[in-house]
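> These protein sequence lines are chains A and B, in that order. Note that the numbering used here numbers the first sequence so that position 87 is 88, with each residue one more than the last. Note that the numbering used here numbers the second sequence so that position 109 is 1532, with each residue one more than the last.
Everything labelled a hint here was simulated from the structure, so no lab data went into it. Each residue gets a CB set at the ideal place from its N, CA and C atoms; glycine is no exception. Treat the hints with care, since some could be wrong.
As the list claims (entries may be wrong) - Here are the computed distance ranges between Cβ atoms for each label pair:
#1 A/9 / B/1821: 18 to 28 angstroms
#2 B/1565 / A/19: 53 to 63 angstroms
#3 A/9 / B/1682: 18 to 28 angstroms
#4 B/1778 / A/47: 50 to 60 angstroms
#5 A/133 / B/1781: 48 to 58 angstroms
#6 B/1827 / A/47: 33 to 43 angstroms
#7 A/19 / B/1685: 52 to 62 angstroms
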Amino acid sequence: MKRILWKRWFVLSSIVLAVLFIPFPASATTPTEHTFHVNASRFEYTPNKISVNPGDKVTIELTATDVVHGLAIDGYNQSVTADPGQTASLTFTADQEGSFRFRCTTSCGNMHPFMIGKLQVGQNTLLWRAAALSVLALVAGVWTLKK
Amino acid sequence: MNTLQEIPWLDKAPAEASAEQKAVSIQQGLASSYRINLYRNRWLRPLIESRWPQFVLRALALVGFVFAILAGLFGSLVGSHNFAILFVWIAWWSAFKLAFIPLGGRSWCSVCPIPMPGDWIQQGGILRKGRGFGLNLRWPKHLKGTWLQAGFFLMIGLFSALTLTDPRVTGWVFLGLFIAAIGLSLIFEKRAFCSYICPIGGISSIYARPAPIELRVIDKEICAAHSEKSCYQACPWGLYPVAFRDNAACGLCMECLRACPSDNLALNLRPFGVELEKPKTSGRLDEAFMALVMLGSALAFAGVFVGPWGWLKSAALDIGTLPWAGYAGGLLALNLLVLPGLFALAVWLGLKSAEAKHSLKREIANLAQALLPLGLMAWIAFTVSFALPKLGYILLVINDPFGWGWNLLGTGNRLWSPDVAGFSSLLQVGFLLIGLFWSASIVQRFTGADRRRALPVLLFCLVFSLSMLWLLVG
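Isolated chain A, as found in the complex (with noise of 0.2 angstroms):
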C-alpha cells in the first residue's frame, strides 16, 4: 500500500515538474509591426485587449477624449500620456511573453488607480501552467488523506 502511494506522489511530482518546465511551442510567426488606435475614456481603454506575438514591434495610439490619461505597461517600463483630445504613441518589441496590464498613470477620476487594460504577448503561459497546476492541487489535496 505504501509503494502504491509512493509510485502515486513520484508521478504526480513528475506531472508537476512537467506543467512547470515544459515549453510551450513557440510560434513560427515572423516577427511583424502592429498600429493598435487606443482610446482611453472615463477607466476605460478601448479596445482594452491587445493581442501580439513575441517579437513584433508594437506602436500604441493613445488618443485622451475626455481628460488627460496615460498609458505605462507592466514589466516593460514603457508609458505614454496623451492630453484630453489629443494622441501621443508609443513604440516598443514585444520581447517578454505572456499577459501584462497596462495602467492609467494620470489621476483621471475616483477609479483612476483601477483603470487598466491587458497586452498579450503570445500564449499567457502562465495561465495556462497555473490551469492545469490546479487540477493538479485538487488532486495532491484528496491524496494527502488517502489511506
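Model the placement of chain B on the given structure of chain A, informed by the hints.
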C-alpha cells in the same frame, strides 16, 4: 439564560483526580496536539500580562484612524493623494488580509480601536473600571451569528467602488463605524457591535478558524471548580473560555488570561488548519453563508478592480444610476442566489449520488469549512494584485497626508513605482493553489473514502479557483 448557563456540564462536580495526574494528562494532551503555549514564554508573558503594550498599540491605531477620518473629510478629493484612502484601503487592508488574519486569526480585533470609546463608556474608565454607563441589554437571540455581518459586508460591497476611492466616503464610513460601536455599547452589553454587526469582525471570525493561534482553557475541571468565573467576568466580549470549541468568537483581548487566578488559560501556537479537521457539531448555516459571501465578493471585486472592463467600473461607481442598479443586482444575485445555490446543489448531488443519509443542512455546514482556506487564499491573492502596485503611494501620502501640497519628508511628488508585475502574478497563483489544495484535503477528510460524495464540491472549488485565476492573471 447567560453564557455560563448555556454550558451544560458546568453543574457537574469536578472529577476526582490528583493534581499530579491532571498535570500529566494536560501535558500529554498539549504535546500530542502540537501546541506551544506562548503565554508560558518568559519573553511574551510580560507583554501579554501587562495591559500597556496592547493599550499603546490600540491607541496608535486609534490615532491612525482618527487622522484618516480627518484626512478623508477635510483633505484632497483625489484618492491617491489622500491619507485616508491609502492608510485604510492599501496599508491597513493589506496588513489585515496578509498578516493579521492568516497568522493571527482575530488578532486585529485585539488591537482594533473602533470599540475603544464604547468600552470606556461601558466600563466607566480607560484602563481601570469605574461606574459604567449604558442599558446593558442582552443581544436578541434571533440576531446572533454572522448573518448581519455578512449583510453589512454585502452592503459595503454595493458601494465599494465609491468607498474605496472617495476619501469623503471613506471618512464617513469609518466615522459611522465608531458612532455605531458607541451607540450599540450604550444599548447592549459587552461587545455587541464587534460580535454581531462589524463586517470586519465577521470576516475575522470565519477566517480565524484556520489560523495558527488559539486561546483555550488548559484544564476544564479547574474552571468547573472555580465559582467566581473571573475570566467570564473580565471578558469584554461576554464569553466564557471553557465554551470555546473554535476561534470564531474570541477577540484575543487577553483579559481572561490576566484574570485567571489558576493560570489555566493558554495562548497556543498550533498547526495551520487544525481546527478544520473535525466535523461541525451544529448545523448552523451562518458561517457557511459568510464563507460563500466572501467567495462571491472576491470574484466581484476582482472583476471590478483588476479586470479591464471600464463599463463595470463605471457601473459600480455611478451609484443611483441604472447601470449601478444592474451591478448591485448582479452582485446580490451572485452572493445570495448563484453561489449559495451552486454550493447547495453540489452538496446535495454528492449526498444523492453517494446515497448517504446525512442531513443536507449539516453537510452544507460541514463542507462549507472547505471554503475557508479557498476564500482566505483568494482574498490574499486579490489583495496582492490590488495593493502591491499601489505601495508606492504610501510614501506619497505620508509626505502630504491631506493632499494640500505639504512636503513633510522632502520627497516632493515623486512616486516610487516598484515593478512587481511578474512577482505579484506568481504570488497570486501560488496563494490560489495553496487554497485549492487545502480545501480539497478538507473535503476529502469530511467525505471519507466516498468519492461520489466529494466530487461535486471539489468541482465547485476548482471552478471557483479557475475563475479567480482568469480574473487575476488571465
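> All the hints need checking, so say for each whether the structure fits it.
Hints versus structure:
| no. | hint | verdict |
| --- | --- | --- |
| 1 | A/9 / B/1821: 18 to 28 angstroms | 53 angstroms, violated |
| 2 | B/1565 / A/19: 53 to 63 angstroms | 55 angstroms, holds |
| 3 | A/9 / B/1682: 18 to 28 angstroms | 51 angstroms, violated |
| 4 | B/1778 / A/47: 50 to 60 angstroms | 54 angstroms, holds |
| 5 | A/133 / B/1781: 48 to 58 angstroms | 33 angstroms, violated |
| 6 | B/1827 / A/47: 33 to 43 angstroms | 35 angstroms, holds |
| 7 | A/19 / B/1685: 52 to 62 angstroms | 58 angstroms, holds |
In terms of the numbered hints stated before, the structure departs from hints 1, 3 and 5, listed from lowest to highest.
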